[in-house]
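Trainee: Residue numbers (this note's numbering), protein chains in the order written: chain R, 245 to 354; chain B, 490 to 603.
Everything labelled a hint here was simulated from the structure, so no lab data went into it. This one's a predicted model, so the numbers in the text were calculated from it and none came from an experiment. Be careful, since some hints might not be right.
The list that follows gives simulated cross-link-like pairs (lysine to aspartate or glutamate, DMTMM-like), each with its CA atoms no further than 20 Å apart [said to hold, decoys possible]:
#	chain 1	residue 1	chain 2	residue 2
1	R	Lys323	R	Glu299
2	R	Lys307	R	Glu289
3	R	Lys286	R	Glu325
4	R	Lys286	B	Asp574
5	R	Lys286	B	Glu511
6	R	Lys313	R	Asp246
7	R	Lys313	R	Glu253
8	R	Lys313	R	Glu289
9	R	Lys286	B	Glu515
Facing chain B, a subset of chain R residues (Cβ under 8 Å, in silico) [as the list claims (entries may be wrong)]:
#	residue
10	Gly276
11	Lys286
12	Gly287
13	Phe290
14	Asn336
15	Phe337
16	Leu342
17	Gly345
18	Thr346
19	Arg349
The beta-carbon is built from N, C-alpha and C at its ideal position, and this holds for glycine as well.
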Amino acid sequence: EDQVTQSPEALRLQEGESSSLNCSYTVSGLRGLFWYRQDPGKGPEFLFTLYSAGEEKEKERLKATLTKKESFLHITAPKPEDSATYLCAVRNFGNEKLTFGTGTRLTIIP
Amino acid sequence: SQTIHQWPATLVQPVGSPLSLECTVEGTSNPNLYWYRQAAGRGLQLLFYSVGIGQISSEVPQNLSASRPQDRQFILSSKKLLLSDSGFYLCAWSVRGLYNSPLHFGNGTRLTVT
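Looking at chain R on its own, in the form it has when it is part of the complex (with noise of 0.2 Å):
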């Protein structure tokens, strides 16, 4: 069965203060893994796919990373705006479902 983990939790930094998010998974095969953005009450949002380990994607003041075991979400002199809850999602090869973890609450404080 596939699994992922994130950690910490909950993230609380000063406007500026770069950080990484960690996302741990184990699957079958893997797919791909996505990551998302939520904000309170929406839906989330798609940020990126990685598809295979060394894999990098930027999107603004996000980075994220892909190795064989775990995928790190970077953010660079963050802004209120980016607080949001960060989720992660692994594809196997079997199915068409994405498994996801429960997210890092990341708070960004001005």
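Once you've looked at the hints, dock chain B against the given chain R.
Mentor: The following block gives chain B in isolation, referenced to the frame of chain R:
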């Protein structure tokens, strides 16, 4: 561009009452469709997914059911709600046949069973 609509946004229902949540997708054809539930402090749990009209796969045994009467319409139902059915219900779609299409979510329905 593609859009996904879910309604209602919030719902308060008594235990034992029926449920019907509807989701429609615009701007794409033959999508894969999904129903997820998100409980407080827990990850998104897949309830049902569909790769075509009338084709429903159930992931979790429960008193909920799903139907896909049209290509871009997905309905989540229950005959009798339980307290444990409370949660945030999310509909999503992905591109069928695209190797690693991400899921695109609607804005959810907050269901409270009292």
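Trainee: Give a verdict on every hint.
Mentor: Each hint tested on the structure:
1. Lys323/R <-> Glu299/R: violated (25 Å)
2. Lys307/R <-> Glu289/R: holds (16 Å)
3. Lys286/R <-> Glu325/R: Holds, because 15 Å separates the two Cα atoms, which is no more than 20 Å.
4. Lys286/R <-> Asp574/B: holds (19 Å)
5. Lys286/R <-> Glu511/B: Distance of about 16 Å is within 20 Å: holds.
6. Lys313/R <-> Asp246/R: holds (12 Å)
7. Lys313/R <-> Glu253/R: holds (19 Å)
8. Lys313/R <-> Glu289/R: Answer violated: Lys313/R to Glu289/R is near 24 Å, above 20 Å.
9. Lys286/R <-> Glu515/B: holds (19 Å)
10. Gly276: holds (4 Å)
11. Lys286: Holds, about 5 Å.
12. Gly287: With a closest approach of 3 Å, the Gly287/R hint holds.
13. Phe290: Holds: closest Cβ of chain B sits about 5 Å from Phe290/R, inside 8 Å.
14. Asn336: Violated, about 11 Å.
15. Phe337: Where the cut-off is 8 Å and the nearest Cβ of chain B is about 10 Å from Phe337/R, the hint is violated.
16. Leu342: Since the shortest Cβ distance to chain B is 6 Å, the answer is holds.
17. Gly345: holds (6 Å)
18. Thr346: Holds, about 4 Å.
19. Arg349: violated (10 Å)
Checked against the numbered hints listed earlier, the structure breaks hints 1, 8, 14, 15 and 19; every other hint is satisfied.
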